[in-house]
Amino acid sequence: MTLLQTFLSIQVILYIDILIRLFIFRQISGLGLRVRLIVKISLILWGVRLILLRSSIFLEPFFLLAVIPFLKTDWNKTQKIFYGLLPAVISDMFMRVIGLYLRFLLNVDIVTFNNSIFFNVLLTLLLIPFYHYFFKGLGVKAEEFEIDTKDRMVKNVVVAMNTLFLTYLLLIRGNLILEIANERNFIHLNWDPYFIRTNILLIYFVLFTVSLLFLNYRLKEKKEEEIQYLKDRQLTNLSQYSRHVESLYRDIRSFRHDYTNILVSLNEAIKAEDISQIKSVYQAVIADSDKQFYNSKYDIAELSNIQNDAMKSLLSAKMLEAQNKGIAISVEVASQIDTPDMELIDFITMLSILLDNATEAAAEVRDGRLGFAYFVKEDRKIMVIENSIQEESVEISSIYNYGISSKGENRGIGLANIKTIVNKYPNVSLSTNSYNHQFIQELTFFEGNK
Amino acid sequence: MLNIFILEDDHFQQARLENAIKNCIDTTDVKYKYCEVFGKPNQLLEAITETGNHQFFFLDIEIKGQEKKGIEVAREIRERDPNAVIVFVTTHSEFMPVTYRYHVSALDFIDKGLKETEFQEAVSQVLEHAYKNIPYSVADNSFVYKTNHSHVQVPFNDILYFETSPTVHKIILRTKTRQMEFYGKISDIAKTDKRLYHAHRACVVNPDNITRIDRTNHIVFFENGDSCFISRLKQKKLVEIMENKL
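Top to bottom, those sequences are chains A and B.
The first sequence begins at 1 in the numbering used here and counts up by one.
The second sequence begins at 1 in the numbering used here and counts up by one.
There may be inaccurate statements among the hints.
Using 16 Å as the maximum straight-line C-alpha spacing, the simulated EDC-like pairs for lysine to aspartate or glutamate come out as follows [as the list claims (entries may be wrong)]:
(1) B:Lys146 <-> A:Asp379
(2) B:Lys146 <-> A:Glu378
(3) A:Lys297 <-> B:Glu94
Keep in mind the hints are simulated off the structure, nothing from the lab.
Since the model is a prediction, treat every value here as computed from it, not as a measurement.
Given only the sequences and the hints, what does the whole structure look like? Please build it.
Have a look at this one:
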């Protein structure tokens, strides 16, 4: 092979390596990066690597850190470092482990191995299945690897892992540079850099595996805790709901009791053919008797059409809470209906955020209103949450930015969460509408393609 | 002039509503050409001969002994006539304003339990509203986009622009009052309606609602202050389209 050919094939391998790293990054970070964007980034990184030549050995693992600020993320520093370094560590560490194993298996010495294009290609290609089965074997789902640094334990582990990544990359790459310098006789080492590197690799590989397992365990445990918490809440809400329905039933029973009395006296008056008494009985009691059922607390009874208990209990809790704040509520659930075709926890989170926001905004308005409607129209389920607002209308493009909100930080973060959830489901669309002192959130769950 | 159709099976209620309508005609400038009460849904549906926003329907939701409820009647009317005015006259417990607005674009609900004066006021209000709106008849102007994952329907005149979302395969639609994000392809959107213009790889605009084009920086502006980029090659054609409109 000519020098040019070797150079070109090495460049191709390097490019594929960058590409693989970016795809690992895409999977782990959960950012829905477009393939086109990934290709663009990979070309730029590849170009930078070409310009930097040898010195890129040291800098190249940190490239992603420089890319992340250009992406739209809501990560803090710890998360940025974690997601930025993990792909480089995975690719570097795993390739070295595979290389070690291959050399042992095929009995090839390091110099031949490093200089062989064939082995380099093989190494790069084997990285994908190794990464896949390594994560699978550990029971770690890369797509669900959302690290939430609000949990102290998770944060500590992630910070420790970040340190691990940094020291690993610095040690390994520093060691490589020393080796190169040694080979070129710039310096003289009386120890074997390759031997040291292999030891660093093995120690860090064990540490990496253990901490990854622990992090995964903690994340799962946290998720379970959250689910347990939601279940407990649901139980409380559900019993509150049933107490409410019981009180409505008592109202109706006492009305039925009164009603019988009224009918008896009416009957007497009719028998006596006393028109004036009939009139007075009617005016006094019957005329407005159904008005007491106009109270919006009876609207909650509409919720009986909702089949899912979690949704029913959440709605009743939030609606009663709004009512206690003096907001006029209305609930429309016209017929039997179940939750839409999505993860229940996502749906409940979304519903809860939307209702909290609506209640918060409506509470600031005199005679505030909060309306909930959920129904099926043709091939889709539609959920509408309306509330009154102080302003004529809300500037919609601004409220979805992270952290920015006209109603303090939380609301903005809430809406950003909703966007993140909605974006996971292609069949869910979110529409936000605001006019005439109203704010309307409309979620459409398209179920036509079942 | 209005054509008024009433669906109501109870004789007392019929008389009450008719009275309220008569009072409204006497006291306001609302005029009608036709006013008829029906006890059965099918009779009412058969009696409809015209379409348009002068067709006015008062519908009761619960009709005794009839399979077809008021809501189905409303749905059939709506299928034939997107502009007819539908008002439900019903008991409070059957109020579903939001649901029926989405299903059949019902204008309003009137509560049978209202006291005489309030009932009269409610009836007059909807009739006057409909009567005033007759000259502003608009053709059925919906923009409809349907795929395996989404179904979008909005009035075309409200559309400002569509743009690709930062999320893969999603599109953001901006109308005069709302923002909507759904699953779709921007190039398909451009093909859906000829009046739309594919101004940029990532943006499809409604030329009707553009307020200004910044020709040097290649930006189009909309009435709410939003803007989007336009590719150099497509700018000339868009300027032409807009000049032809003026």
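Taking the hints in turn, this is what the structure says about them:
For the hint linking lysine 146 (chain B) to aspartate 379 (chain A), the alpha-carbon distance of about 11 Å falls within 16 Å, and the restraint holds. Taking the CA atoms of lysine 146 (chain B) and glutamate 378 (chain A), the gap is about 13 Å. The hint holds against a cut of 16 Å. With a C-alpha separation of about 15 Å, the suggested pair lysine 297 (chain A) and glutamate 94 (chain B) falls inside the 16 Å cut-off, and the hint holds.
Violated hints for the displayed structure: none, as all numbered hints are satisfied.
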